[in-house]
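A.B. asks: Sequence:
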Amino acid sequence: MRPRADLLIVDARPWSDGAALPEADAIAVADGRVLAVGRAADLSPLAGPQTRRLDAGGGTVTPALVDAHIHLVAWARSRGALELFDCRSRAEALARVAGFLADHPATATVVGRGWDANLWSEVPDRAALDAVTGARPVLLHSKDFHSLWVNSVALARAGVTRDTPDPPGGRLERDGAGEPNGVAREHAVRLFTALAPPEGLAADLARVRDAVRALHAEGITAVHDFEGADEHRVLRALTRGDGPCVRVLMHLAHAGLDHALALGLASGTGGDRFRVGALKLFADGTLGSQTAALLEAYEGSADRGLELIPPAELTALVARATAGSLAVAIHAIGDRAVRSSLDAIAAAGPAARASALPPRIEHVQLLDPADLPRFAALGVVASMQPSHCTSDIDNAHRHWGRRVDRSYPWRSLLGSGARLAFGSDAPVEAPATAHGLHSAVTRQRTDGTPVAGFVPAERLDLDAALTAYTEGPARASGAWPRLGRIAPGAIADLALWSTDLHRAAPPELSGVQVTATVMEGEVVFERTGRTPTPASVGRPAAEPAAARGGAR
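Residue numbers for the sequence shown, in this note's numbering: 572 to 1123.
Just so you know, these hints were derived from the structure itself, not from any lab.
Cβ-Cβ distance ranges computed for the label pairs, FRET-style:
| no. | residue 1 | residue 2 | range |
| --- | --- | --- | --- |
| 1 | A873 | A826 | 27 to 37 Å |
| 2 | D582 | G651 | 31 to 41 Å |
| 3 | D829 | S615 | 49 to 59 Å |
| 4 | V694 | A873 | 17 to 27 Å |
| 5 | A894 | P616 | 53 to 63 Å |
| 6 | R623 | W691 | 50 to 60 Å |
| 7 | W691 | S872 | 13 to 23 Å |
| 8 | D781 | R1053 | 23 to 33 Å |
Using N, Cα and C, we set each Cβ at its ideal position, and we do this for glycine too.
Could you put the whole structure together from the sequences, leaning on the hints where they help?
C.D. replies: Here is the structure:
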């Protein structure tokens, strides 16, 4: 007996394995898997009375997208909380804080997120914060989550005084008199951890389920999460329970290394809903906080950033982890940190590639040309975030100067044979997939600036960008070819788009929408009342000259 389809998607433009499938306009799904891909006339006999038909309206259908770098629980907590992401001045941020305090008189400790002093003419300090906060401790995380702005009450409760030394890998900013000025960088943020109120599993789980609905609306059905043990428990509960869900590759925090090795916990352990990822290590800080570790000093400064784990210690940690069958995922933004990370992976030898999952470096925002071929040679995945590039254009020019020509080097890495895996780093950036595609293909802000794109030689073509959101993360998680492609037998995780993406001009990509998301054959999101997204229908989009050729 011929199998019956549970779901038949028609008038589709299927895309998989790095290219559109020109001879197909329909996808049949049965028992959570792709049954067939082909012409609707050939697949229609697979439909029966109970088959659901989904009209793609001529839009592209891709494998569902993966956010390959997200802090899902932190993003869920940040939604609807005290958000400072759009504050263009210190005064605006202070007014936002004052308003929140007035509206939430029962909140004992106030936690906010998202300020970016690179945009301000005045620096954040405790005196300014004290003027609007009164007797409650206030903890305000920067946009990159690598700095913390606190008031005097928080300093006092944390026991931080002028005699408190800077911790290894951290810095307490100080005023002219040597007193802490209320800004902590990198590991110094940990001095205030105990002041943050506990969240609780039930509250976090409710927030995360709501956040997952938002991910489904972006065509995302899987995430690679970078958080700690408490968040680990939340996401385990998410994947085991009822309600909206995503597939989770859960990376392990540095602090959990000894426990993981004692348990014999190996990367790749688990199933397609929840799987153990890599050991997350921090080699440096960020561009936004000027703590990314650089080979040469920041423009106009003698400072070269912070090595959060010194190179010798990083090498020893990578060796211990990989010897215990744990892959590594190393946060490295500056070129010095990227080099130290590659050195540590190289020193681990064959053990670094013997894990079920490949080693990876997160962010890679500045890369020395001498280190470019080492990614492919060492089998290191470049886990990168396109929206960081377009958000950071001004900061990159300001702090890296002429070095911007080798920043966010997507095209160069791909051309060298490296594998890319794209994500958002939410809550640092929103997990908006259309925005990510637009950033990858144009390297422009949504307002069209810079006109030629930021370092346009590093733009990707659309196929390469889609691959970095689908096949790349699936391979990095050990789920390929079950996930990340549209082919008979593959798990039916799919994203339906509002237009044929290949007929949309690159600037139009920021406005496309996901109209439906399918997870294991079930429609988990369907946009209602949608209107077709404008696109240059009837002609292929003209690619920028720098984006043509063999980027795949």
